[in-house]
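Peer 1: If you want the building blocks of each chain, they are given just below.
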Amino acid sequence: MRIISNTISIDTQGAGDLIDITAKIKETLRVSNLKNGTLTVFVKGSTAAITTLEFEPGLIKDMRELAERLAPSDKPYHHDATWQDNNGFSHIRASIFGPSLAIPFIGSELFLGVWQQVVLAEFDTRKRQREIAVQIIGE
Amino acid sequence: MRIISNTISIDTQGAGDLIDITAKIKETLRVSNLKNGTLTVFVKGSTAAITTLEFEPGLIKDMRELAERLAPSDKPYHHDATWQDNNGFSHIRASIFGPSLAIPFIGSELFLGVWQQVVLAEFDTRKRQREIAVQIIGE
Amino acid sequence: MRIISNTISIDTQGAGDLIDITAKIKETLRVSNLKNGTLTVFVKGSTAAITTLEFEPGLIKDMRELAERLAPSDKPYHHDATWQDNNGFSHIRASIFGPSLAIPFIGSELFLGVWQQVVLAEFDTRKRQREIAVQIIGE
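Residue numbers (the numbering used here), protein chains in the order written: chain Z, 1 to 139; chain A, 1 to 139; chain R, 1 to 139.
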């Protein structure tokens, strides 16, 4: 049994940016040479999230519209009154989707559907450099 | 410390189907003979999710109505324009709830409340056979 | 590789109570003396959730308003017809946010942003004593 703690860095373009990070995660798993275990993906920060999605242009637009319905960007937020940074909606969107995902791998293959990609969702209002942990516990 | 990677297969009835999979998960844990560790549940595919719920008929209806409010099924989705498969709402509902759950077990008991069941939520529009990983890391 | 299974007990004040449990989690990690691994946080029960949030008074209010929009407390729920306990909204709010979070730690540090706290969200209508597992697998 071993633990491998990798981090990846992703540049985002601000609110509504969705980035497919599946290939980077798979590469981390491949290099580890581990066969069975759990891979945990975690994005640092409170205005981004990790989810899975069929990564195609239509759904990317649908996800942006969903985020806008769940927490409209033109609504006043108490958070903005505290810091004047106008990203109250970013924080609560991130909290709904969550920063973390635990994905099993079996026989060196991540247990993902063919149309199921691991996606970093940027909700902040500005470009960010995101740090993501890709940690593997397995054998 | 050992890893046990089990998969279970569940037939669903399409959008709104909620299935209590707690007994199958507990059986996997029992057979493992492990005492302490983490059990990860993950559903393959991007139109289903795993969550916990008190599994009673009233809440099952409430969850269906919630899903309908979060992502109405009669609204147009960009995803449907891409593939004509009319399940855009299924994808974004699944993304909100997420495909994954990590549950500790302590003294051979899953750390769940008495009224807290592990539930597979089917959001797709048609019957599906779902593959779910139940992976245990423990000792 | 070791497993440490700790539980913490938190008294809550009912619906809308958000409690920062980061310090308790970090203390569990510190005492473990483990350097690298995954820490799983899980709240027992189906009317509470675990999420991450910048824990400041403005966002606490924003989260309460979000929860009210997602599942209004003055709407009738089928669950309430079953049990007459009037917490149907509590259950479905909890299901959206989820009971579980897997957080990597690297070099004895939890992989969290500076403004990213681990938060227990109480959604039930009454005061509760919550049991939370803080389980660490690492080396």
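None of these hints come from the bench; they were simulated from the model. Any given hint could be a false lead.
One copy or two, either will do: identical chains are not told apart, so a pair holds if it fits within one copy or between any two.
To be verified - Straight-line distance between alpha carbons at most 30 Å, and here's what the computed DSS-like set of lysine-lysine pairs gives:
1) Lys24 / Lys61
2) Lys61 / Lys127
3) Lys75 / Lys44
4) Lys127 / Lys24
5) Lys24 / Lys75
6) Lys61 / Lys35
7) Lys61 / Lys44
8) Lys26 / Lys75
9) Lys61 / Lys26
10) Lys35 / Lys75
11) Lys61 / Lys75
Peer 1: Could you run down the list of hints and mark each one as holding or not?
Peer 2: Consistency of the hints with the structure:
With identical chains, the CA atoms of lysine 24 and lysine 61 are at most 30 Å apart within one copy only, with a shortest distance of 23 Å there and 37 Å across copies. Both within a single protomer and between protomers do lysine 61 and lysine 127 lie at most 30 Å apart by alpha-carbon distance, with minima of 19 Å and 26 Å respectively. Taking the shortest alpha-carbon separations for lysine 75 and lysine 44, only the intra-copy value of 26 Å comes in at or below 30 Å, while the best inter-copy value is 34 Å. Proximity of lysine 127 and lysine 24 under a CA criterion of 30 Å is satisfied intra-copy only: 20 Å inside one chain copy versus 33 Å between copies.
Neither within a single protomer nor between protomers do lysine 24 and lysine 75 lie at most 30 Å apart by alpha-carbon distance, with minima of 36 Å and 34 Å respectively. In this assembly of identical chains, lysine 61 and lysine 35 lie within 30 Å of each other by CA distance neither inside one copy nor across copies; the values are 36 Å within and 41 Å between. For a Cα distance limit of 30 Å, the shortest separation of lysine 61 from lysine 44 qualifies both inside one copy, at 24 Å, and across copies, at 23 Å. Neither within a single protomer nor between protomers do lysine 26 and lysine 75 lie at most 30 Å apart by alpha-carbon distance, with minima of 39 Å and 35 Å respectively.
When the C-alpha separation of lysine 61 and lysine 26 is checked against a cutoff of 30 Å, the pair qualifies only within one copy, where the shortest distance is 25 Å, while the shortest distance between copies is 38 Å. For the homomeric pair lysine 35 and lysine 75, neither the shortest alpha-carbon distance inside one copy (48 Å) nor that between copies (43 Å) is at most 30 Å. For the homomeric pair lysine 61 and lysine 75, the shortest alpha-carbon distances inside one copy (20 Å) and between copies (14 Å) are both at most 30 Å.
Violated hints for the displayed structure, listed by number in ascending order: 5, 6, 8 and 10.
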